[in-house]
Structures are given as C-alpha cells and as structure tokens.
Amino acid sequence: MKTKYSRNFVKTICILLIVLTTASLVRAYPPDNAAVLYYKAFLILKEPSEEVKKMMADLRKGEIKPNDQIRQCLHENRHVLEFVETAADVRECDWGHDISKGFDVLMPELSRIRLTAFMLTAKAQTLAEEGDHKAALGKCLTMHKMARHVGDDLLISYLVSVSLNNLANRRIQDLLSSMPWDLETLVWLKSRMIAVTVDAPSIKVAMTREKKIAMQEIRKERAADGLLASMGVVEDETTAAALERVREGDAKFFEDNREYYAGVMDDVIASIELPYQQSHRKLQELNERIQKDAKENPAAIMAALLMPANSRVRTLGTNNETFFNATRAAIEIYIVKARTGRLPEELPGGLPGDLFSAKDFEYRKTENGFALSCRAKDLDKDEVYQYEFKVAK
Amino acid sequence: MKPMKNAEDFVKRAKARVATDPQMDKLVLDDSFAAMDETAAGRSSVARMVLQSRAAKLAAAAVIIVAVGLLITQSNPPDRADAPAGKVAKSPAEMLSAISLNMAYRRGGLEAMDDLSNEAFKKLGSKPARVSVRDLLTGSNGV
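These protein sequences, in sequence, are chains S and D.
My numbering puts the first residue of the first sequence at 1, with every later residue one more than the last.
My numbering puts the first residue of the second sequence at 1001, with every later residue one more than the last.
Just so you know, the hints here were simulated from the structure itself, not pulled from any lab data.
There could be a bad hint or two in this list.
Result set (DSS-like, lysine-lysine): computed pairs, CA atoms no more than 30 Å apart in a straight line [stated by the list, open to error]: (1) K1122(D) to K40(S); (2) K359(S) to K381(S); (3) K1090(D) to K65(S); (4) K46(S) to K1090(D); (5) K1123(D) to K54(S); (6) K282(S) to K359(S); (7) K390(S) to K190(S); (8) K381(S) to K1123(D); (9) K190(S) to K1090(D); (10) K54(S) to K1122(D); (11) K381(S) to K282(S); (12) K393(S) to K1123(D); (13) K390(S) to K1122(D); (14) K220(S) to K1122(D); (15) K1123(D) to K101(S); (16) K190(S) to K61(S); (17) K53(S) to K1090(D); (18) K53(S) to K1123(D); (19) K1122(D) to K61(S); (20) K377(S) to K390(S).
Partial pick of chain D residues on the chain S-facing surface, computed with a CB cut under 8 Å [to be verified]: (21) S1091; (22) A1098; (23) S1100; (24) Y1105; (25) N1118; (26) E1119.
Just so it is clear, CB atoms sit at the ideal spot from N, CA and C, and this is done for glycine as well.
With the sequences and hints as input, model every part of the structure.
Take a look at the structure:
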C-alpha cells in the first residue's frame, strides 16, 4: 500500500516537472511587452500621403465624410492597426529608453504612435458610418490604452499621452452624440472607461523624471555642447547676459545651479499635486520667483533657462482629465436615458467631476441633448469649458 | 652593316691602339666640367628670368588662390554650405531625440513635433506596407 502510494507520488512529481519544463518553452502570443508589437507595427507602417493626412484631419474636424482614399489608406495599414490593437491590450510597455543619455534619449515612437492614433480615429469614424458603433468605440478605447503606454518617461511623452486621450475623448463624445441608445453598449463602455484609468500617466512622475534628467544635463560640458540651443533657448537681449554667464561658468557655477534647480523642481512637483486653482497660482509664483532670482543670483540662471512652462502643462493635464470625467459622466446620463427613455432632471450622484473647480459639473438639458459645464476657468486661456452631448432622435 | 656591329668592331679593332695619359684625362675632364657648369648656369638664368617675369608672378598667385580655394571647398562640402552659421545638420536619429522633440514642441506644439518626426522618417526612407514570411521567401529565393 505504502509502495503504491510512493509510486503515485513519484509519477505525479515527474508529470508536474515535465509540464513545467515544457510550458516554459512555449512562446506565448502576445508578448508581455507591448512595445515589441508597437515597433513591429511601425516597421510595416505605410506612411499616408500628405493629401490623405489632410483628409484624415478634416475628417476628425467633421468637415468631410470618410472617402475612398482614407479607406484605401486604412486597408493598406490594416496589419499595423491589428498589431497596435493587440499591443494596447498588453499591460506592460517598455520602450527601451536609455535614460542615461539624458535629453539625447531617442523617442521615435512618439510621432508614430500619434500617426497610428490618427488612423484609428479615421477607422472609428468609418465604422460608425457603417453603423458599427461598438467597434468604433473600441478603437477609441484602444487610443486611451495607447496613451497609457506612451507613459510619463519625460514631459514630452506625457504631453503626447494627453493628446491621445484628448483624441479619444473627442471621438467618444461624437459617437455618443450620434449612436442609437443601446444599453448594453453603454454599460460595456462604462466598464471599459473605468479600466483604462488604471496606470494612467502621471504628471508628477513625468516632472520627477524631467528633474532627474535635467540634473544630469546641467554641466559645463553639456552647456558647451549646445544644450541650451537644443532646448530652444534663443540668444536675444533678454537672455544674452545669462547665456554669457553660462558660457563662462566654472564647476562651482554648475554645482550651484544644479542645487537651485533641484530645490525649485521639488517645489514644482509638490505644487502639481494641489487642486488646480491653487496649483496654477503656485506654479506661476514659482516661475516669477525663478525669473527674478536669475537677475540677482547666478545659481538660478539654468533653472530660468530650462524650466518648462509648468503652469501650462498643469492646465493641459487638468483639461484632459476633466474631459475624460465629463465623458464618463455623460455615459452615465445616456444610460439613464436608455433605461428610462428620458434624460435625468439632475446630474446623477457619485459621478467624476470638474477638476478645474474640484466640484461636480453643472448639468443642463439643451435643445438637442445635454451639456456639462465646468465651474471654474482654464487660467491660461481665461475660458470656462462646456461639453455638449447630443441625443440621437 | 648595322650601326651596333660597326661600334663593336671599332672597339675591338681600335681600343688597343688608344693611348691615354693623366694630362689628356685632366684635359678631357676639365672640358667636361666646364661644359656642365655652362649648362647649369644657363638653366639657373632661365628660372630667374621666369620668376622675374610679371606674367609668371600673376600665374603663380593664381595657382595659389586656386589651391587655397580647393582646400576650403574640400573642408566645407557644398551640402553643408547652406546650413546657418553655428548650426550642424542633424541626423534623422538626432531629430528624434527627446531634446529635439522638446524644442519642436516649444516652437509649435505637437504639430511641430509631428512635422520634425515626419522629416526624420522621410530621411530614413519608406517602409513596406506588409512583409510576411511568404514575401520574404519570395524575395530571397525567387520562388
């Protein structure tokens, strides 16, 4: 009895070992790094002509309908879109950036991913035209997932990510305004919208990485190597004296500048997390302080020359997240409409709100549907945003 | 009779009867050196005459100017001559670095970044729309 038990035990162990060793040899698809598939897609991407690019831009603005040339371009790039959609569903994405190269790190993926997002937008519009609204919404969700993959390695990648979110939100807004009420599709979309918020790029992470890289760059060798010119600092009467100090700067000058820059960036990162109105005011104050310090304190010169337009970046991020929240709130309102047959009189509770004011959106019914308005201004443009949604008759 | 044969016969027949002595040798050598000196002096005077000529000086100056011009052209090839002073043309890869993309963004937003990237990709060359294993096999084996 005991021997039989031992034999069975040994057999089981052997089978488990065989299964485990063979399983490791099987290559799963898709790979666990989305970047592999994105790069594969970019390799076979057929660049649309300038004429077709212009047509796709006009299509996004709603000035034209999908035409044969756009359809041809999408057909020629169908494998590209297939790879991109598979990639977007993979959780991890490592682009293989060599951050040790500082601002010289190569980021060829940024514009390619924008181009493929433009194609996905056109694809969504052609699918909607053909009546497949769910598939069209799926393309928009793919764009949101791509935005998550573009990430927050640097400020420029964060900005590209924001632009992809914006593209997707705008398209979802249009689709919701034109599609028939389909409760199942709306509930499906609601759950997917919540899912894409996971691992969303963070402005704080982008700023922290930007600081780390800029700290490596504030060195005499890099300044002599044309760092400031490469960063777009133009020598004119306002910058001439500062640039001269940088050119003449010794090791101590750069050490002091690094220390000053680190201190200011820590304040910027702390301010980024404050509510929008407070954050914007604080970031502008910091910017003014740096400019003032740079006139009296040589240690502030590099910060004054290299500091990004932080308050503008904060506004772009807030605008993007607020638009996303408005879209999610609108989906909830469409669900009420699909369930009850009419629009709610008031905004349903517990919905994501306006991040400009940190309050709920102002909801009102309009002739064609409804509108969600912010309760505070974009402080850069001095403008209050309103998101209009139509209800298909 | 052939000239070569004549010379050989002459040496064979006459060489034994030639009488030489140191005085004669000295006389012959002196005459030879005098003739060589005269030739060398003549050449020197021709060179001097050439260098002293105004036309020759102008020609020499022209040669020097042309040589300097050629040297400058070689060190600055024509395709770089159009680049603004102080700026070096970037390679497509450099155009796609974070620093270049940042600069483009600062200049004209994401559209400027797209334009810069498109320019870089154009320089890199176009890519096929579709490459399958079958296409690659057809390309390499002619199947």
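Each hint, compared with the structure:
1. At roughly 18 Å between alpha-carbon atoms, K1122(D) and K40(S) fall within 30 Å of each other, so this suggested pair holds.
2. Restraint check for K359(S) and K381(S): the C-alpha separation of about 20 Å stays at or below 30 Å, so the hint holds.
3. In summary, the hint linking K1090(D) to K65(S) is not supported, as the alpha carbons are separated by about 39 Å, beyond the 30 Å threshold.
4. For the hint linking K46(S) to K1090(D), the alpha-carbon distance of about 24 Å falls within 30 Å, and the restraint holds.
5. For the suggested pair K1123(D) and K54(S), the alpha carbons sit about 21 Å apart, so the restraint of at most 30 Å is met.
6. This hinted pair checks out: K282(S) and K359(S) have alpha carbons roughly 20 Å apart, not beyond 30 Å.
7. Of the pairs offered as hints, the one joining K390(S) and K190(S) holds, with about 18 Å between alpha carbons and a cut-off of 30 Å not exceeded.
8. The suggested pairing of K381(S) with K1123(D) is violated, with an alpha-carbon distance near 38 Å, which exceeds 30 Å.
9. Restraint check: the Cα-Cα separation between K190(S) and K1090(D) comes to about 46 Å, which exceeds 30 Å; the hinted pair is violated.
10. Our distance criterion of 30 Å between C-alpha atoms is met by K54(S) and K1122(D), whose separation comes to about 17 Å.
11. Straight-line distance between C-alpha atoms of K381(S) and K282(S) comes to about 17 Å, which keeps the hinted pair within the 30 Å bound.
12. Between K393(S) and K1123(D) the alpha-carbon distance is near 50 Å, which puts this suggested pair outside the 30 Å criterion.
13. For the proposed pair K390(S) and K1122(D), the alpha carbon gap of about 42 Å is over 30 Å, so the pair is violated.
14. As the CA atoms of K220(S) and K1122(D) are separated by approximately 34 Å, the hinted pair breaks the 30 Å bound.
15. Pair hint K1123(D) plus K101(S) holds up; C-alpha atoms about 23 Å apart against a cutoff of 30 Å.
16. Annotation: proposed proximity of K190(S) to K61(S) holds, straight-line Cα distance about 25 Å (limit 30 Å).
17. Between K53(S) and K1090(D) the alpha-carbon distance is near 25 Å, which keeps this suggested pair within the 30 Å criterion.
18. Note on K53(S) and K1123(D): the hinted pairing holds, with a Cα-Cα distance of about 19 Å set against a maximum of 30 Å.
19. With a C-alpha separation of about 26 Å, the suggested pairing of K1122(D) with K61(S) holds against the 30 Å cut-off.
20. Proposed proximity of K377(S) and K390(S) is supported: the alpha carbons are some 24 Å apart, at most 30 Å.
21. The interface hint given for S1091(D) is violated, since its Cβ lies 11 Å from the closest Cβ of chain S, which is over the 8 Å cut-off.
22. At about 5 Å, the closest approach between the beta carbon of A1098(D) and any beta carbon in chain S falls short of 8 Å, and the interface hint on this residue holds.
23. Interface restraint check: S1100(D) against chain S, minimum CB-CB distance 7 Å, threshold 8 Å, status holds.
24. Checking Y1105(D) against chain S by beta carbon gives a least distance of about 6 Å; that is within 8 Å, so the hint holds.
25. Of the supplied interface hints, the one on N1118(D) holds, with its beta-carbon coming within about 7 Å of a beta-carbon of chain S, less than 8 Å.
26. The closest approach between the C-beta of E1119(D) and any C-beta of chain S is roughly 10 Å, which is over the 8 Å cut-off, so the hint fails.
Hint violations for this structure: numbers 3, 8, 9, 12, 13, 14, 21, 26, all remaining hints satisfied.
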